[in-house]
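One-letter residues, chain by chain:
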Amino acid sequence: MKSEKLVFFRPNQEYHKKMHWAQEGISAGFPSPADDFKELRISIDQEVVGNEEATFYARVSGESMQGAGLDDGDLLVIDRSLEPVDNKIVVCFIDGEFTVKRLKVTKDEVLLIPENPKYQSIKVTEENELIIWGVVTYVVKKL
Amino acid sequence: MFVLVDCNNFYASCERIFQPQWEGKPVVILSNNDGCVIARSNEAKALNIPMGAPAFKYKQQFKQQGVKVFSSNYPLYGDMSNRVMTILEKYTPNLEIYSIDEAFLYFTGFDLFNLEREGQRMRKQVHKWTGIPVSVGIAPTKALAKIANKIAKKFMKRTQGVYAIDTEEKRIKALRWTKIGDVWGVGRKHKIRLEAIGVCNALQFAQLPDAWVRKHMSVLGLRLKKDLSGVSSIKLEEIIPVKKGIATTRSFEGTITQFSDLEERISTFATSCAEKMRKQRSSCNALLVFVRSDPHKKGGFSYRNSCVLPLPYATNSSILLSKYAVMGLQKIFKKGVHYKKAGVMIMGLIPTEKRQLSIFQNNNNKHLTLMQSVDRIHKRFGSHHIKLANQDLNRTWKMKQEHLSQRFTTELNEIITIK
Chain A
1 MKSEKLVFFR PNQEYHKKMH WAQEGISAGF PSPADDFKEL RISIDQEVVG NEEATFYARV
61 SGESMQGAGL DDGDLLVIDR SLEPVDNKIV VCFIDGEFTV KRLKVTKDEV LLIPENPKYQ
121 SIKVTEENEL IIWGVVTYVV KKL
Chain B
1001 MFVLVDCNNF YASCERIFQP QWEGKPVVIL SNNDGCVIAR SNEAKALNIP MGAPAFKYKQ
1061 QFKQQGVKVF SSNYPLYGDM SNRVMTILEK YTPNLEIYSI DEAFLYFTGF DLFNLEREGQ
1121 RMRKQVHKWT GIPVSVGIAP TKALAKIANK IAKKFMKRTQ GVYAIDTEEK RIKALRWTKI
1181 GDVWGVGRKH KIRLEAIGVC NALQFAQLPD AWVRKHMSVL GLRLKKDLSG VSSIKLEEII
1241 PVKKGIATTR SFEGTITQFS DLEERISTFA TSCAEKMRKQ RSSCNALLVF VRSDPHKKGG
1301 FSYRNSCVLP LPYATNSSIL LSKYAVMGLQ KIFKKGVHYK KAGVMIMGLI PTEKRQLSIF
1361 QNNNNKHLTL MQSVDRIHKR FGSHHIKLAN QDLNRTWKMK QEHLSQRFTT ELNEIITIK
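Order-wise, the sequence lines are chains A and B.
In terms of the numbering used here, the first sequence opens at residue 1 and continues consecutively.
In terms of the numbering used here, the second sequence opens at residue 1001 and continues consecutively.
Calculated directly from the structure, the hints in this document are not laboratory data.
Misleading hints may appear alongside valid ones.
Here are the simulated DSS-like cross-link-like pairs (lysine-lysine), alpha carbons at most 27 angstroms apart as the crow flies [said to hold, decoys possible]:
#, chain 1, residue 1, chain 2, residue 2
1, B, K1215, B, K1153
2, A, K118, B, K1170
3, B, K1045, B, K1150
4, A, K104, B, K1124
5, B, K1150, B, K1124
6, B, K1150, B, K1173
7, B, K1025, B, K1090
8, A, K107, B, K1090
9, B, K1128, A, K88
10, A, K104, B, K1153
11, A, K88, A, K141
12, B, K1419, A, K88
13, B, K1124, B, K1157
14, A, K141, B, K1419
15, B, K1179, B, K1045
16, A, K123, B, K1419
17, B, K1341, B, K1276
18, A, K88, A, K142
19, B, K1235, B, K1215
20, A, K107, B, K1150
21, B, K1341, A, K88
22, B, K1179, B, K1235
23, B, K1128, B, K1419
24, B, K1215, B, K1045
25, B, K1063, B, K1025
26, A, K88, A, K123
27, A, K142, B, K1419
28, B, K1419, B, K1090
29, B, K1045, B, K1068
30, B, K1173, B, K1226
31, B, K1215, B, K1179
32, A, K123, A, K107
33, B, K1191, B, K1045
34, B, K1068, B, K1170
35, A, K104, B, K1128
36, B, K1025, B, K1059
37, B, K1068, B, K1179
38, B, K1235, A, K123
39, B, K1059, B, K1124
Keep in mind that this is a model prediction, so the values were computed, not measured.
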């Protein structure tokens, strides 16, 4: 793999401008203004949580979405504020159970599609009780 | 105009978000130690399960009627409340949190047509983002907004959960519909006195002569009357919500940065909550502390956090609540933040006489006498600087929580799993 494909995240430059380093001639005993900023590290939260009030987490169980990179035990970041449109990976509650699948909306049908050939698509009919609970925005995976 | 946003069956709704199979089915929530019923879904209310029903007595009935029982999960309710309030705060800087599940929003310069639409928008947004259903009441005064909210809730289908009392005709109709005992702030004693002189609904009350009201119901009664007539007169703090949570929250004039300053505020808020509870003879099972920086200030370091502390047993002791509240503050306080708002809310309110006693807790009678002495000392010296030297707050009691749901939003090991 070529190394230039890696992107390194840096602290927000805006915060940098305001930073004062204690070494730059602040006398001992004087509280360092930098103290106020010391907790502003890179935050994964800031990156993956687009909307704090609408964000929930869930743990994947099973392999039905392996093809989309969702493995057993992975952590899902779910944003309820997003519209569940065609082709999004959604968490839904169908017939008494939570499930994560890819949403397929066509003119005449709604399908919940797994990404693993061992599993079958679910065609949503009027008899099903379906709640689309939220849209998956990130998956956190331990390597 | 005042907009009252009230979460429908808040505790039950919180549980249903993560267990949607209980949607439309009877749900009850029990107090600490699974003692008695502190919250019910509409379906449970329809089965005539009363508030405060002792769990052991109703065990059989719950089973027979398929009532889903939950132990109280205060960390979950606290987090969901925080989400709802933060969303509402985006609509106006003038938000007053009235209890864990209701808030008044104050709007100026909106015409009514827009406000009703705004109410629908709030309702949809809160529901979509958090899963919590809310009702919205809109009116020129708080007492009327309270009634408008009740109408929105009662006639959900027709109102779509939003109702505005925006004409004189609607006001009169609404007041006539409201029984005198259901009027915000009219207690049992006043209800009996008013009914004795033939005042059975809010409209008749609003038409009483000022002199009569002042004589029999004090200044507060008069303000209530004015409020119902459409002249805003009631301050939020004056009427204590019964049965639900109580909250004491403030926006600071400037901002607070020091822990000690904030500690003083939080302690005062907790004491004030405890006093309100003692006044209405109730005790609480948990408390929530929250802090936030100014959400409407551009730039700067924005921070908000809250924390829920379940209490080992139901209490209304100022000292205990204040201690717990400060412990909560220690958990969430962050240096360098300019705090604009903070508050203490109490949850799981039960009548003091229905409190569950357990052999491991403080002797309640002793505690009661102590609180009475403390109240007397407070009266004389006017503050709350008494500390209990022998109270070990780090001790934890093992609670009976047989029906506890997971802390879905505050504990990574307890989030939902999805196939």
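Verification of the supplied hints:
no.	hint	verdict
1	K1215(B) / K1153(B)	violated (34 angstroms)
2	K118(A) / K1170(B)	violated (61 angstroms)
3	K1045(B) / K1150(B)	holds (16 angstroms)
4	K104(A) / K1124(B)	holds (24 angstroms)
5	K1150(B) / K1124(B)	holds (18 angstroms)
6	K1150(B) / K1173(B)	holds (13 angstroms)
7	K1025(B) / K1090(B)	violated (33 angstroms)
8	K107(A) / K1090(B)	violated (36 angstroms)
9	K1128(B) / K88(A)	holds (17 angstroms)
10	K104(A) / K1153(B)	violated (36 angstroms)
11	K88(A) / K141(A)	holds (19 angstroms)
12	K1419(B) / K88(A)	holds (17 angstroms)
13	K1124(B) / K1157(B)	holds (15 angstroms)
14	K141(A) / K1419(B)	holds (16 angstroms)
15	K1179(B) / K1045(B)	holds (19 angstroms)
16	K123(A) / K1419(B)	holds (17 angstroms)
17	K1341(B) / K1276(B)	holds (21 angstroms)
18	K88(A) / K142(A)	holds (23 angstroms)
19	K1235(B) / K1215(B)	holds (21 angstroms)
20	K107(A) / K1150(B)	violated (41 angstroms)
21	K1341(B) / K88(A)	violated (38 angstroms)
22	K1179(B) / K1235(B)	holds (22 angstroms)
23	K1128(B) / K1419(B)	holds (22 angstroms)
24	K1215(B) / K1045(B)	violated (38 angstroms)
25	K1063(B) / K1025(B)	holds (13 angstroms)
26	K88(A) / K123(A)	holds (16 angstroms)
27	K142(A) / K1419(B)	holds (18 angstroms)
28	K1419(B) / K1090(B)	violated (35 angstroms)
29	K1045(B) / K1068(B)	holds (13 angstroms)
30	K1173(B) / K1226(B)	holds (17 angstroms)
31	K1215(B) / K1179(B)	holds (22 angstroms)
32	K123(A) / K107(A)	holds (13 angstroms)
33	K1191(B) / K1045(B)	holds (23 angstroms)
34	K1068(B) / K1170(B)	violated (39 angstroms)
35	K104(A) / K1128(B)	holds (21 angstroms)
36	K1025(B) / K1059(B)	holds (17 angstroms)
37	K1068(B) / K1179(B)	violated (32 angstroms)
38	K1235(B) / K123(A)	violated (55 angstroms)
39	K1059(B) / K1124(B)	violated (37 angstroms)
In the structure shown, a violation is registered for the earlier hints numbered 1, 2, 7, 8, 10, 20, 21, 24, 28, 34, 37, 38 and 39, in ascending order.
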